[in-house]
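Build the complex: two chains, separate frames, hints provided.
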Amino acid sequence: MDERDLILTIDRAPTRRRLLRAAITAACTLPFAWIKGAFAARPIEAFRAETVADTVAVLFGDRPIPESDRIRISAADLAENGSVVPIKIETDFTDVTAVSIIAMKNPVPLVAKFAFSTATKGFVATRIKLASSSEVIAVVETGSGTYQARKPIEVTIGGCSV
Amino acid sequence: MSNSIKVRIELRGNEATVRMLIRHPMEIGGRRKNGEYIAPHFITHVSCKHNGLTVAQAHWGPGISKNPYLSLVIGGANSGDKIEVRWVDNQGATDEYGTEI
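In the order they appear, the protein sequences are chains A and B. Take my numbering: the last position of the first sequence gets the number 162, and nothing is skipped along the way. Take my numbering: the last position of the second sequence gets the number 1101, and nothing is skipped along the way.
Hints are computed from structural coordinates only; laboratory data are not their basis. Note that the structure is predicted; figures quoted are calculated from it, not measured. It is possible that some hints are incorrect.
Said to hold, decoys possible - No more than 27 Å apart at the CA atoms, straight line, and that leaves these computed lysine-lysine pairs for DSSO-like: (1) A:K151 to B:K1066; (2) A:K105 to A:K151; (3) B:K1082 to B:K1049; (4) B:K1066 to A:K121; (5) A:K88 to B:K1082; (6) A:K88 to A:K121; (7) A:K88 to B:K1049; (8) B:K1082 to A:K105; (9) A:K88 to A:K151; (10) B:K1033 to B:K1082; (11) B:K1006 to A:K121; (12) B:K1006 to B:K1082; (13) A:K88 to A:K105; (14) B:K1066 to A:K88; (15) A:K121 to B:K1082; (16) B:K1049 to A:K121; (17) A:K88 to B:K1033; (18) B:K1049 to B:K1006; (19) B:K1066 to A:K105; (20) B:K1006 to B:K1066.
The shape of chain B in the complex, shown without the other chains (with noise of 0.2 Å):
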């Protein structure tokens, strides 16, 4: 479904880290290469969801590194419950990743 979001959890008692790491080139935008003008693209919004409910919102902007990395804890957590990581981005472009811990 997904190949830009890849997700690692780690489960330490009834806390989950979530690792993403997320595809995009996060670029700035406004200068030029080539004689050509770059578009800002970066990821405006990140969201997870743990069991249907969000419990993580990011706003990012464009001081966010290329391909960026994200970690959370999240609390109450228990082996086979579902993990959903969104993310959308300036140009509207959005995708998807849903897993188990």
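Next up, chain A with everything else stripped away, as it sits in the complex (with noise of 0.2 Å):
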């Protein structure tokens, strides 16, 4: 059977399995189209890629995003438990807009993504998992530019299965 073969059968499949297959789209992506309403600008796309050039290009597109000494990533140099890595993101930087945080062997790179308002000031402390040793990358957004700060953080037992 050729492909073209292949496209007629799909075409012509009984109306049921149709009508099935256009009702699992929709209970699929309706929750997903309600959730964008009630929060604008979740970045899914960043979501779903999976290499750190991937999310770096959706999240910021060509953008320089130079290291800069006034963001600290604070976290253990060794993590014994990869499932839970306390890490902690300051930055002096007083016109922070977003901060995110990728990790750089996670199967989703991108483990989160933080919006600020203005009086939100450039602070951020959460527990994240690694799936295994590797480098932490943390972007921050302000008015005058994009800067990141890089930490290596060393994992005994990884924390993807958690």
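Structure below.
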């Protein structure tokens, strides 16, 4: 059966099957449409990206992201349990609009993106999962440019399965 | 009202450190447990409001640890101000919690 035949077969699929397919598609996409309406601008494509290059491209385009020593990542150099790695990102930039956390070797490199109003200080602390020992990148978006800082974190047991 | 969110707020000058702990499995999904497929189940959004104004929005993937912890610092805060926290997960579940500084 060549490709053309296959397409014809799919087209002739019984109505019930087609109806079922449409219903499943709707059921899968509708909740996301609703969430999107409630909270604007979730970077969905960035969470789908499987490589760091893709993640950065989706989030920041080809914007230059210089490293800055005004961003400080605090985390243990050695995390025994990769499923719970406390991490703190601090910056003295005053006009921070967003902070993104990217783990170099995670299956989904983008861990989180935090969007801040002008009232919120350049500070975020949370606990993340790391699949294996890797660098963690913090990207800080400010009114005057986008900057990054990196920190390697050693993991004894990967946190991918939790 | 809410039993999945715990919030602690510490006011220093006019900067409020808001620390929250949310009870949630944050399941990546795609693996099997006792032969049964586990569906992904994780928080996708967290929003934090200060006196009704959204001051921070978090977009999360499954890379945030189980029972997530999040800490933020909000400027221009005073004692008695209202802080509201709300989360939504990928299965459409949601919870919110409001408190005063």
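**Message:** Can you confirm whether the C-alpha distance between K1006 of chain B and K121 of chain A stays at or below 27 Å?
**Reply:** Distance ~21 Å between K1006 of chain B and K121 of chain A Cα, so the pair holds.
**Message:** What's the verdict on K121 of chain A and K1082 of chain B, does the C-alpha distance respect the 27 Å limit or exceed it?
**Reply:** holds (18 Å)
**Message:** Would the hint linking K88 of chain A and K1033 of chain B be met if the CA-CA limit is 27 Å?
**Reply:** It is violated: about 33 Å lies between the C-alpha atoms, which goes past 27 Å.
**Request:** Starting from K1066 of chain B, check that the Cα of K88 of chain A is at most 27 Å away, please.
**Result:** holds (17 Å)
**Distance restraint between K105 of chain A and K151 of chain A, which requires alpha-carbon spacing of 27 Å or less** = Holds. K105 of chain A to K151 of chain A sits at ~13 Å (cutoff 27 Å).
**Message:** Given the hinted pair K88 of chain A and K105 of chain A, is their Cα-Cα distance within 27 Å?
**Reply:** holds (19 Å)
**Request:** Measure nothing beyond the straight line between the CA atoms of K1033 of chain B and K1082 of chain B; if it is 27 Å or shorter, mark the hint as holding.
**Result:** Status violated; Cα separation ~42 Å.
**Message:** Hint check: K1006 of chain B vs K1066 of chain B, CA-CA at most 27 Å. Holds or violated?
**Reply:** holds (15 Å)
**Message:** So if I understand the rule, the pair passes when the alpha-carbon distance is 27 Å or less; does K1082 of chain B with K105 of chain A pass?
**Reply:** violated (39 Å)
**Request:** Verify the proposed pairing of K151 of chain A with K1066 of chain B, using a straight-line Cα cut of 27 Å.
**Result:** holds (22 Å)
**Message:** With the threshold set at 27 Å, check whether the alpha-carbon distance from K88 of chain A to K1082 of chain B stays at or below it.
**Reply:** holds (25 Å)
**Request:** Verify the proposed pairing of K1082 of chain B with K1049 of chain B, using a straight-line Cα cut of 27 Å.
**Result:** Within the cut-off at roughly 8 Å; holds.
Comparing the model with each numbered hint stated earlier shows that hints 8, 10 and 17 do not hold.
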